[in-house]
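Undergrad: Line by line, the protein sequences give chains A and B. With the numbering used here, the residue at position 69 of the first sequence is 69, and numbering never jumps. Take any residue in the second sequence, note its place counting from 1, add 441, and you have its number in the numbering used here.
If you are wondering where the hints come from, they were derived from the structure by calculation, not from laboratory data. Everything numeric in this text was worked out from a predicted model, so none of it was measured. Each hint should be verified, as a subset may be incorrect.
[Claimed, not checked] Calculated cross-link-like contacts (lysine-lysine; reagent style DSSO-like; alpha-carbon spacing at most 27 Å):
id, chain 1, residue 1, chain 2, residue 2
1, B, K527, A, K106
2, A, K290, A, K212
3, A, K45, B, K444
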Amino acid sequence: MKNKAAIIFLITALLALLIGVFFGLMAALQYLIPEFLKEIIPFHKMRPFHVTTVITWIVLSATGSIYFYLTQVEKLKLFSNKLMKLHLGIFLITGLGIYLSYIFGKMDGREYLAFTHILTIPILFGWLLFGINYFKTMLKQINNWPVYYWMWGTGIVFMIIHLTEAHLWLFPYFREHVIKDLTVQWKSYGSFVGSWNMLVYGISIYLMSKIKGDDSIGRNKLSFFFYFLGLTNLMFGWAHHTYIVPTLPWIRFVAYGVSMTEWIILGYMIYEWKKNLSQTKKESYPLTYKFLVTTDFWIFINLILALLFSIPAINFFTHGTHITVAHSMGTTIGINTTILLASLLFIISKISIFTKKQEKIIKRGLWGFNITLFLFFTSLLIAGARRSHWMYAGNDTSFSSMQDSLFWVYMVFFVFGMALTTSISIIGLPILKKLINYLRI
Amino acid sequence: MTKKTTYNFLIITILITFFAVFNGFIYTSNENENPVKLTEQAMHGQRLWQENNCWSCHQTYGLGGYLGPDLTNIYSAENKGPSYIKAFLNSGVKAMPKFNFSEEEKNALVTYLKFIDSTGYYPNYKAKFKSNGWVELEYKNEK
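Make the full structure from the sequences, and use the hints.
TA: Here it is as structure tokens:
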């Protein structure tokens, strides 16, 4: 039996990706032409549209993928189909509410969660339903969980915790203390990202085990070691966002120590790089495989960057510059999006088939994606380096002059952003078409 | 429940216990003995900052958007300060829209920025670098 709700999650997610990158492009254009759309939709309103929509892509595609795997691939009987449909309905209606809140200017939330805070209640409720359905299904039917089941379970629980924590500012006790407020706000954001990473990275391990046709990748001791290391980082390694905030030194010191454990992951990745490639049975799922190889590359690049700026002496110069943006774009587009697109391609392979021509188009789209994302990423690093230089060595010029001097970098950023949007559309549209066709049949 | 599952639950329980204690410390500790606490007027400014998405373009302590400058120490910066801030609020320069804040609202925003300014420095030019990669920040109350 079809799982229509899971497919609707995925269709909505893909639409969010395509619309989200378009909003991003419009926001980037305002760096070049500040007056552009200023009267209709200024940057401070465009940015929340972009950010919320791309977060929606990540969250909905991860959720839809998990529902699909459990019911269609693992053939598990979901605890409650009604709860899943209710979850979908709540998220769709809340999504609509969020856009209405943005259109009517009711943006009393904060960065990343700018919508009116009352809408957080249905979002939390949706996650709670997902959690109940997930744990009731899994605990009843699976005894010895591979690591990806643990990761999805942990991701759901910590999503609820950190989404709640991100709203502690509603209590005067938190918001009246500037430093504590900033610390808790950025603590929650760091861990919020860590929570969706649990869902997304769990998906990547699931896909790898399916491609290999061997579940050991999700069951060996090393996988569990990395899972617990990741969980420790989710809980305690967020403070590199706030190294520069004058909190108590021990808070920053804990984060420094915990963040450095991620060097182990990097070392392991370098060691395993070639080994993984040769072992994978790429013939069965060629497109999914190609996207996961891409993910490996982006993990490698971003982990190096993240590890470097987890060192306070380096973070001091990169913090508050576009280097941080490069990292967040690199991780959300380079890592999360490639994993989630790999997941969608895997799902397509279960429900339909691409023609050779379509496969060729998607492969070309992936090439375009990698090249343009790399150049987009590089332009952000250059902009960040220039800003850092201005902050620490060229502060005799005004902020405005510094921004003007970056015109050509922003131009490159915009042009490659446009090329990236095109590449994502080349990949995303055939997938979207397949999903819609499947739903209609 | 298998032995491995029990073992995993045990590790998670230990981690969550540490996490709960850690959160307790974060939520209850302050940056120093006399932490900066916002007044009613400053909290009004904070609300306006939030409702108008000032963070979309501006930063405090390098956290926020990148289209505009960081405003952590705008209040005490040389040749800047309250009048400078107020002049920008309703003028609509470059990408910054023309807000129509009342005098009371402008004062609230300035007060909020004054309180932020009093909490510390950004950029922290007098920070000391240690050989192990650590950075010792200069705290405002050290003076």
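Undergrad: Run through the hints listed earlier and report the numbers of any the structure violates, in increasing order.
TA: 3
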